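Peer 1: One-letter residues, chain by chain:
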Amino acid sequence: MSQFNRRHLLGLEGVSQDEINHILDTADSLKEINQRPIKKVPTLRGRLVINFFYEASTRTKTSFELAAKRLSADTFSLSASGSSITKGETLIDTAKNLEAMAPDLIVMRHSSSGAPHFLAKHIKPSIINAGDGTHEHPTQALLDMMTIREKLGRLDGLKVSIIGDISHSRVARSNILGLTTMGSSVCIYGPRTLIPPYAESLGVEIASSMQEAIDDADVVMMLRVQRERLEDVLFPSLREYAQRFGLGVRHLAKAKPEVLVMHPGPINRGVEMSPEVADGPYSVILQQVANGVAVRMALLYLLLSPETK
Amino acid sequence: MSQFNRRHLLGLEGVSQDEINHILDTADSLKEINQRPIKKVPTLRGRLVINFFYEASTRTKTSFELAAKRLSADTFSLSASGSSITKGETLIDTAKNLEAMAPDLIVMRHSSSGAPHFLAKHIKPSIINAGDGTHEHPTQALLDMMTIREKLGRLDGLKVSIIGDISHSRVARSNILGLTTMGSSVCIYGPRTLIPPYAESLGVEIASSMQEAIDDADVVMMLRVQRERLEDVLFPSLREYAQRFGLGVRHLAKAKPEVLVMHPGPINRGVEMSPEVADGPYSVILQQVANGVAVRMALLYLLLSPETK
Amino acid sequence: MSQFNRRHLLGLEGVSQDEINHILDTADSLKEINQRPIKKVPTLRGRLVINFFYEASTRTKTSFELAAKRLSADTFSLSASGSSITKGETLIDTAKNLEAMAPDLIVMRHSSSGAPHFLAKHIKPSIINAGDGTHEHPTQALLDMMTIREKLGRLDGLKVSIIGDISHSRVARSNILGLTTMGSSVCIYGPRTLIPPYAESLGVEIASSMQEAIDDADVVMMLRVQRERLEDVLFPSLREYAQRFGLGVRHLAKAKPEVLVMHPGPINRGVEMSPEVADGPYSVILQQVANGVAVRMALLYLLLSPETK
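Chains as they are written, first to last, in this note's numbering: chain U, 64 to 372; chain W, 64 to 372; chain R, 64 to 372.
Watch out, some of these pointers could steer you wrong.
Unchecked claim - Cut-off 30 Å, straight-line C-alpha distance, at most; resulting in silico cross-link-like pairs (DSSO-like, lysine-lysine):
(1) U:K103 - W:K159
(2) W:K159 - U:K94
(3) R:K187 - U:K159
(4) W:K187 - U:K222
(5) W:K222 - U:K319
(6) W:K103 - U:K94
(7) U:K94 - R:K103
(8) R:K214 - U:K187
(9) R:K187 - W:K94
(10) R:K317 - U:K184
(11) W:K187 - U:K103
(12) R:K159 - W:K319
(13) R:K214 - W:K214
(14) R:K103 - W:K94
(15) R:K94 - W:K103
(16) R:K94 - U:K187
(17) W:K103 - R:K187
(18) U:K103 - R:K222
(19) R:K184 - W:K103
(20) U:K214 - W:K103
(21) W:K94 - R:K184
(22) W:K214 - R:K222
(23) R:K159 - W:K222
(24) R:K214 - U:K159
(25) R:K317 - W:K214
(26) U:K159 - R:K159
(27) R:K159 - W:K103
(28) R:K94 - U:K214
(29) W:K187 - U:K317
(30) U:K184 - R:K214
(31) U:K103 - W:K214
(32) W:K222 - U:K103
(33) W:K94 - R:K159
(34) W:K214 - U:K214
(35) R:K159 - U:K184
(36) R:K222 - U:K159
(37) U:K103 - U:K222
(38) R:K214 - U:K103
(39) U:K159 - R:K184
(40) U:K214 - W:K319
Because the hints were derived from the structure by calculation, they are not lab data.
Remember, it's a predicted structure, so these values are computed and weren't measured experimentally.
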């Protein structure tokens, strides 16, 4: 009966169409809780979810905390600053120590690709990858897919264009994996030096201009410019970036009438897109945030609820 | 029936006598919860209160968190450091993102006067101003008034003297607005350069000496010296300040026998007042802190409870 | 009936055998909650526990937070950074302010020996010392004793060797007090300059070599090297320390077959002990962490539950 028998969500690589549909269906049905006056169900009462973030994060951490609270789980957050991590403890020792406190699930963000996979091999609690280096950010891709499905009614046969620094984007990578699994085609565009070598092997089309990427796209997904990349010689200046890779109203004039504009946030207004686009009729950026809570509730539920096991 | 139909508490400007009485009556009746062994009622179960503090704060933030917990609301706190705010996101984008997570109420402190009013115009949740720049700090004034009413039995016909850096004090401003609305008269005293131009237009008397301010006062409210003002050329040295504007036992010798000494905390002992005064028989500083929790419970209740709408 | 009538746990000095047994028995029976799917009982619902940490801590603070949540108490944490403490408020003023918020219990860590005792004299809530300067860390010693009793079946007639910087270790001091009260003998070993003058007066044996300390020990407890000591002229270099006072497999070859290796964490691998020892068959380091939650639950329960008063 259950289409979801995983203990961890480490990435979308290898996750099937059925599994993704099952997660999104669960999220759809849990989303309604967030609109009630009493936004809370007792489903995960007495379960412990630890948010273990080695990288700064507001939105993802908050979203997971909220998802846990809405299911009545206990939750607390550890960040690298002010913790034992700064006392020179190894990652595995910190993880083993957390494990000794008997959490049911650890949500982990880390600057090293593969860190959550390493943890999943060495400790018992369920692990959700909340972003590992330049590798994957599966909950972001799931909330993106939830938003697309909600707005366009399906996840197959679409053209989704992802624009920006593809090479360093775990958001792009997880979306490429998820969307192609669901039967959509992904097109990428960005500074030539920031198109990853793996792109073609994943069946992704590389556009040769903004307009080519946007013209027949059902979804235009803009990636955030990471400030820390600005010192990179491969990265253009902010001004040049905005001119060549920023999304403006003029680009959307020729786009499909139902095109969706997405962004994982936080937006650098005037860089990745103009304010008119961010606040315009095609933008679903705030729906993405709202769906983020629902997708994370779904994952906590599916990984922890005894009924589903 | 209900005397309170507001969605926000942004300041005491324009808040009526009836409304203030209704808030304080509610706080009086909720205060008893804080003395029970089980200090918790289920009134706001499943409601979400976000504490959104752009300025450092312990006491106000803690007081709001506690108020929310005692009414069984879910609550979490965001501060500027380590959040998206430092990633260059605009205030309105951060607020819209928070809104997407479906909070019922946002408690906000910000260094810019008017920031909570701006938010209240753009997002749906209720907003409580927990201090905006040099403008207002309405919950502080309400807890001050609750304490005065509790101790002296009324809020009309009193003389309340506020002493210190009036110009930069949102505590002074909210108290002037609230106390004059309630029918008391306010007298101010402080360094001449730190008396605001708006004082007279608000019907406030300006004392010409400490003794004049204190002699027939029912309440002496000392303002905190903000360390960041010490570099200001308009501000006297700490030592000079203590000598000329600090409250000592000698000043109170001639005061009314029931005079109340108040301070919003944290106290700089030996600056705004001597330790003998802070710990002396007239001081109600710790009652102010205790009443702070009750006043904030009252506001959360009045703004969020469905029965009152 | 009740063997525990204290309001505070400030240290193990003066705590009787009966009291220690009662705490550990309570911890044993509460430990089972941590293995349930629903790790939560309503015992302390509506009670407020404040974690008040003037020194950075992850594991102890987390352990207390978790203990409080598992008993359904409300809890929040204050740390010195970003709080009024940095605004120049005195310790007693901060404590009085916290008291005004009506907490039932304050867990306190402070860099000054005696700070929790000072607080217990001046405010009403129960106080648990979570480490004060170089003085005591009673909950660490209790979790150590719980682990020893669990593994070896008793706490009397054992030889426990504590190795490292004894002088500055509140862990060592509390263990010496607790273990000798329970009828075990304690042997210490470490850099000669870091053997405290009080050692002999407490009936502690001073070993003259690693091997002498380890040979007939039932428990070998390694102390953490505090990085901040490394600049101390009395402290050897890390390398020299590891060679002379670090525990290796070779030392354990001649030890008792059931010897326990303990460490309060976080471990500096390769300094206090080799990775082979830390992860080896004698190590009970992670059981210590798990028992930490149970011991803290027991103390919160004994100090706060009305049935036990």
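Peer 1: Hinted pair, alpha-carbon criterion (30 Å max): K317 of chain R, K184 of chain U. Please report holds or violated.
Peer 2: Not satisfied, since the Cα-Cα distance of roughly 34 Å exceeds 30 Å.
Peer 1: With the threshold set at 30 Å, check whether the alpha-carbon distance from K214 of chain U to K103 of chain W stays at or below it.
Peer 2: Measuring from Cα to Cα gives roughly 42 Å; hence the hint is violated.
Peer 1: Check the hint pairing K317 of chain R with K214 of chain W against an upper bound of 30 Å on the C-alpha distance.
Peer 2: Measuring from Cα to Cα gives roughly 73 Å; hence the hint is violated.
Peer 1: Does K103 of chain W sit within 30 Å of K94 of chain R, going by the straight-line distance between their CA atoms?
Peer 2: The hint holds at about 26 Å.
Peer 1: Checking one constraint from the list: CA of K159 of chain R to CA of K103 of chain W, max 30 Å. Satisfied?
Peer 2: Holds - the C-alpha atoms of K103 of chain W and K159 of chain R are around 22 Å apart, at most 30 Å.
Peer 1: Mind checking the alpha carbons of K94 of chain R and K187 of chain U for me, to see if they're no more than 30 Å apart?
Peer 2: Holds - the C-alpha atoms of K187 of chain U and K94 of chain R are around 18 Å apart, at most 30 Å.
Peer 1: Between K159 of chain R and K184 of chain U, is the straight-line Cα distance small enough, at 30 Å or below?
Peer 2: Between K159 of chain R and K184 of chain U the Cα gap is close to 48 Å, so the pair fails against 30 Å, i.e. violated.
Peer 1: CA of K214 of chain R to CA of K187 of chain U, is that 30 Å or under?
Peer 2: holds, 23 Å
Peer 1: Check the hint pairing K94 of chain R with K214 of chain U against an upper bound of 30 Å on the C-alpha distance.
Peer 2: violated, 49 Å
Peer 1: Is it true that the CA of K94 of chain U sits at most 30 Å from the CA of K103 of chain R?
Peer 2: holds, 26 Å
Peer 1: So if I understand the rule, the pair passes when the alpha-carbon distance is 30 Å or less; does K103 of chain U with K159 of chain W pass?
Peer 2: Holds: K103 of chain U and K159 of chain W sit about 22 Å apart, inside 30 Å.
Peer 1: Holds or violated: are the alpha carbons of K187 of chain W and K103 of chain U at most 30 Å from each other?
Peer 2: Roughly 20 Å between the alpha carbons, so the hint for K187 of chain W and K103 of chain U holds.
In terms of the numbered hints stated before, the structure departs from hints 3, 4, 5, 10, 13, 18, 20, 22, 25, 26, 28, 29, 31, 32, 34, 35, 37, 38, 39 and 40, listed from lowest to highest.
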